[in-house]
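Visitor: So the chains spell out like this:
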Amino acid sequence: MSTTLQETCVSVQSITDVLTRLGDALANGDLDGMLSAEPLLADLTHALQRAAATPADRAALLPHLTAARLALLRASALGQSLAQFKHASDYAQGLAQQYDRAGKTSQREPSGALRARG
Amino acid sequence: MGDLFTSLQMATRSMAAQQFALETTGHNIANVNTEGYSRRVTEFAAVPPTIRWDAGDGVEVKDIRSIRDGFIEQRLWRELPDQQKQAAIADSLRLVEVALGDPGSSIDGKLTEFFDSFATLADDPTSATARQQVISQGQSLGTGFGEMVNRLRVAQSDADTRVRDTVDQINALASQIAHLNRSIANAGATGIGLDALKDEQGEAVKTLAGLINVQAMQREDGGVDVTFGSGRALVIGETDFQITATQTPPLGLATLTANGFNVTSEITSGALGGLLQVRDTAIPGYLSRLDDIAYTLSTQVNSLTTAGYDFTGAAGLAFFTPLGSATGAAGALAVNATVAADPSKVVAASVASAGDNAMARQVSNLRDSKLMLGGTATLTDAWGRIVYQAGLDSQTAQNDASLRGEIVRQVQALRDSVSGVSLDEEAANMIKFQRAYEANAKYFITVNTALDTLFSLVGQ
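Residue numbers (my numbering), protein chains in the order written: chain C, 1 to 118; chain Z, 1 to 460.
These aren't lab readings, by the way, just hints derived from the structure by calculation. Be aware that a few hints might be false.
[To be verified] Computed list of lysine to aspartate or glutamate pairs in EDC-like fashion (alpha-carbon distance at most 20 Å, straight line):
#1 Z:432 - C:17
#2 Z:432 - C:32
#3 Z:206 - Z:165
#4 Z:432 - C:30
These figures come from a predicted structure and were not determined experimentally.
Chain Z with its partners taken away, still in its complex shape (with noise of 0.2 Å):
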């Protein structure tokens, strides 16, 4: 049994224990709102009596740890990168629903006041008025194709820009993260602010990963090991490897490299692969069917005029500048140079007589010709299809956002609906939830396969 004064001395040990632990509970409460902060805990282990048949030494400090929710920390690091893709991509395809243009004062609108104009030739083949009116119309449906054109490349070239800026924010994160490798490894002997630390280091990794596709590796010595795409390194312990954006002909769109290596198709999500999905696959997609629907126009109008005959008896020459391939086709469309100095030369005629109209019509009707798809749609409603496309994207990518914050928000709502309860009570509780679900989900293979044939019986 020890004495008086080490009655005395375990009591100050413990109460000092005690003060310790009301210190850190101020200083949780005091950071209830930092982002990234981790709950401290500390852990008192008892001290070992010094003699025997002593009930102790009375209680010390032994560790203060950070508690983090695994499984929800998991699945935000999870949900994170493709919520940031998915917004970066919603953002992006804004700017190309504005570019696109409301439906009817768009290129629909332009396709058909030009076969109207046809039409009116039509109506009235001897006409000079009609005649410089279907020039006008053709030039006006050439100059909005390359208006499109030339917006659609405005959006693409404004991801290139936040591409560019992203991959800056990637490169500062990433001498962040190296930088706090070092400071942790020099405070994992004195374990002085290693907490604080490491909770910076969790909130720089959290940002990278809504940044870019990242892998990170904990390191024996507290720092973590950071990789993205393919393996790549972007951090290794005190070493940060920085992304390289290269302006890259023809259009002068930045090129990632890592390296040396050619990275930028290795990136798929987070808000760089999202911008990098609008810019070299969403843009360039809706670019070629326009390109799609102008050449198809060029082309089968063209057919036709060099079939008939101008006013003058003539054969007729291509209204449309001939054009050598779809490539490009919506960027190039304009009236061929010949006939828009000379109205006499649009065809209008199928035989050599200034009254006939049987080409101007042909050239009309062209836009009820199911042209496009495989011959499923029309000149307009292949352009509704991009519009409509555009669209889908952009809403799918904002819902998918929101789905991927929401689930992060359902684990958490989950965990507090069954904590704090005993764990027969957790566990008929997921039970309940997981039948509920199941009684749901029998409907959604036949609610998908009746959306499947709706969808077939529109034409979609």
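One chain only, chain C, in its complex shape (with noise of 0.2 Å):
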């Protein structure tokens, strides 16, 4: 393997890593999780736009890059559940009332939100 090729390889494994790390973090609700793999995710972003590979890499380096679209994936659809839940958790408590132009609430009552609260 050469050393770009392995560089890449690490780059990508290392940016599988951290949105794997953020997914769990995200389906459990752990904030310190969420915070500490912001710096990482900083760093990684800008090693994995670095990165090169030639069409011969393509058996050593697809593997790494499906794990890390559906980490990202995976990541990115937790996170819109979390704001989907904050919302309803907004609503619930009357913090998500606005009101647009015409005077009508901007945003409407998530399914279940009133009955949502614990």
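Two chains, two frames, some hints: make the complex.
Guide: Next comes the structure, spelled out in structure tokens:
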């Protein structure tokens, strides 16, 4: 394995690891885990942007790239779910009502939000 | 002010109410592991005084209601059908992955052996053994393609069997819900046993939602109407409308009808949606790509051999039986019977000379020619893409199924982490969560773009 390919594999694998840890933190409502992922993600994103590859690297790199994409999709989906939960939580507390120019509430009540309070 | 008798009566009523509440708590504890059971809460109401200037007549049980966590339930309802769909896809595609075989020992291995045999013939174009070997490897390749088609058809047939089983389960649940609707409407008048029936109803609808994309609408009498697809009735009040699976030519796969309408394409999620996707989209897609490889191989080899000469110096014949189109090519790939019966008909020469090997060399060189996917892939690469795609489809489905389950658990975890604190604390905690996520999410687009670039650099 060439040095460039090895570096790219490491770079993609590292981003997969940090995205997986972020996903775990999002799944478990672990605030510290989410906060500790951010500086790592910042560094690794820059490294990933500099990564290079050629068609000859396909077999070695493709499994790593696929794993990274799946980890990114997972973190993104769990993040969106968190945002929706916050919206539901805000609505239940009466914090989400904002009015548009027509005087209507600009955010719709999430389904079941008012009954969501534990 | 009431007399002693009234006071005692009030105390008795209040004690009975508290006794009832204790029984409800006991009922909750007893059902802690019951699937679909909703916690009951006893609601008390003050008994108003019967005369003015009286403090009141104590307390009585007003109602017992089920506590359902609306948000989590909604989330479950939204995630469950897709979770079950992806689980069904992952399950069925595992069979496909096994069918496709290991790298090097499947179609790719047979392609290599076939081209190797022409390379050997090019090294010794007069060798009768080499000519026979070319025929044997060509036949082995044709058999390999045929067996692969059969294995994929078996996987498709397996998905079809599961489609029929799932339709049976859906019909049974529809009957159960219709029956429960009748019982709930009857129990509504007295309220006796209503919560248990509602739990059973909720569980049945939830199970149904895992099998097919349904919409459930609450009825005023407490029952539930269920539709699926583009609003097709499955349960309306006390009547259920069954889905019918009918065997349809040419492959004998089941077509699904409801009230005489073909609804197969309307079922897009739930386990049934996943099975239909594997049966009608994923496997036919792999078969089509397999056909493309077989057709390209056949036409390319034939175009060379028909331009060459056989061992006797006669004009060359097509090595493979000519195929009319790519459709069904993988199942029909076979060595031309005339060539198979007479090894001297195998073409090695580009001129009418027994010692010439130019055409055998050209056929052998096809292994490295980028003939597939718009000139970007060799025949073996194209096979590799099918295997990779099937693996990716399966892995994506497995991940998606587990992610959707994870989202439901996440919402419960978030709820646990913020419940029981003050409203201000809850709002503050949620803002912290959101800010922490946003701090990470700002890198997502960059990461995604960088991954896209790397995918394109490796030719994916």
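Visitor: Residue 206 of chain Z and residue 165 of chain Z were given as a pair; does the straight-line alpha-carbon distance stay at or below 20 Å?
Guide: Cα-Cα ~18 Å, so holds.
Visitor: For the pair supplied as a hint, residue 432 of chain Z and residue 30 of chain C, is the alpha-carbon distance within the 20 Å limit?
Guide: Answer holds: residue 432 of chain Z to residue 30 of chain C is near 11 Å, not above 20 Å.
Visitor: Does residue 432 of chain Z pair with residue 32 of chain C here, judged by a C-alpha cut-off of 20 Å?
Guide: Holds, because 10 Å separates the two Cα atoms, which is no more than 20 Å.
Visitor: So if I understand the rule, the pair passes when the alpha-carbon distance is 20 Å or less; does residue 432 of chain Z with residue 17 of chain C pass?
Guide: violated, 23 Å
The structure does not agree with numbered hint 1 stated previously, though it agrees with all others.
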